[in-house]
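Peer 1: For the record, the sequence lines run as chains A and B.
First residue of the first sequence? That's 1 in full-length UniProt numbering, and the numbers climb one at a time after it.
First residue of the second sequence? That's 1 in full-length UniProt numbering, and the numbers climb one at a time after it.
No lab work stands behind these hints, which were simulated from the structure alone.
Among the clues, some could well be false.
[To be verified] Partial list, computed: chain B residues near chain A (C-beta under 7 Å): (1) G26; (2) S28; (3) V29; (4) A152; (5) T159; (6) F161.
[To be verified] For lysine to aspartate or glutamate, the following EDC-like pairs were computed, each having C-alpha atoms within a straight-line distance of at most 20 Å: (7) K53/B with E99/B; (8) K53/B with D120/B; (9) K53/A with D25/B; (10) K53/B with D112/B; (11) K53/A with D112/A; (12) K53/B with D25/A.
The C-beta atom is built at its ideal place from N, Cα and C for all residues, glycine as well.
There are 2 protein chains.
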Amino acid sequence: MVKQERALRTREALINSAATVFHRDGFSVASLTAISSLAGVSNGALHFHFASKARLAEAVEDAAAHRLERIVTAHDGAAGNALQLLVDVSHDLARRLTEDVVLRAGFELSRDQVREGGRDLHGQWRRWVGAALERAAGQGVLGEVTPGEVAASVVAATTGFEVLGAQDPAWLSHRTITRFWQLLLPRLAAPPALGGLVAAGSHPVQPGHRGQPGRPR
Amino acid sequence: MVKQERALRTREALINSAATVFHRDGFSVASLTAISSLAGVSNGALHFHFASKARLAEAVEDAAAHRLERIVTAHDGAAGNALQLLVDVSHDLARRLTEDVVLRAGFELSRDQVREGGRDLHGQWRRWVGAALERAAGQGVLGEVTPGEVAASVVAATTGFEVLGAQDPAWLSHRTITRFWQLLLPRLAAPPALGGLVAAGSHPVQPGHRGQPGRPR
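Okay, chain A solo, but in the shape it has when bound (with noise of 0.2 Å):
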């Protein structure tokens, strides 16, 4: 049982320092040698649980889904609507990719073209969108636009604040977020829904993350 708990720490602790070196140095230069060594183990130990580098970065795409998976269902049934989740579980994301180098290295690996048959993270985000607009259509908070006609500059512009932000945090702060809400829902919500609607994000704020430029990872 012991040796089981110590297995799974260090394949956790394996899925960590590799998410760190594939963002440091990308997949293709990325070396087995620096990742256990920065988990603190062996080479043989790394190979025991991880096959191959592909392998490696395979887990820390599965991992990076679990936890884009575990924020958006974490914000479920707590915003008034849907189109309030939306905002609300964006700026989780945002927050949360410039904490957590595995959730941030998935989207990286997951637009990695040269590694093929990866997890496609940006499609589960995508999907996740459409459907929150869809719920939100039929909740009747959406104005004159459709869902179909939104849910691609949503995601387009939410990529490209994770994609900007691997380089300058503040793209992914939470007034940068704010201010893009502030932009759009006006457009998307239906008038009488629009004056409940917080762009800012309808929960409480994590104390330093607001007005911050994000943190360094």
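Assemble chain B onto chain A, guided by the hints.
Peer 2: Using the frame of chain A, we list chain B on its own:
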């Protein structure tokens, strides 16, 4: 003279091949032999023109920066106001990103965190978008929004279209970009200016482009 022309043509062929191989394989993996053989020249000829893979990447980024510059200046003065100019240029940039591998690879290289000291094409685009919005404000065509509030969202969305378009050209299609501006223009434009703005772009579109999901590269 003839010799000089041939040298220029070889240099250009190498830049084109390098863009193709960087786009396909990524900078880190891209092999100089693949690049020279695609250009139809010897490894020696490649090394005569470019001392290293990094120099070749810089040449691709420089060429892409010139093309971006040419795209924005080609529209200057043609559009009625700076907001329409922004719409027209974004359509043109999207189309060219699907057609021109040098422009495409230039943006990809400029995003690459691994290489240091590269050209900042996203910064060049960001500055141009900011300046266009400032001009639009000066012309009185912006509504209740200020350029500073809007610029980041426009840059993020266009960056998202570019990044997502690398894997699926539908993200850069005329239809996708038109929908983005249909969504945003009513929020950006002063009411008297809105009626005169064309979300689909005010320039005639090349045959075969409108409505197509983009072209394979």
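Peer 1: Taking the earlier hints as the rules, which of them does this structure contradict?
Peer 2: The structure conflicts with hint 7 only, although it agrees with all the remaining ones.
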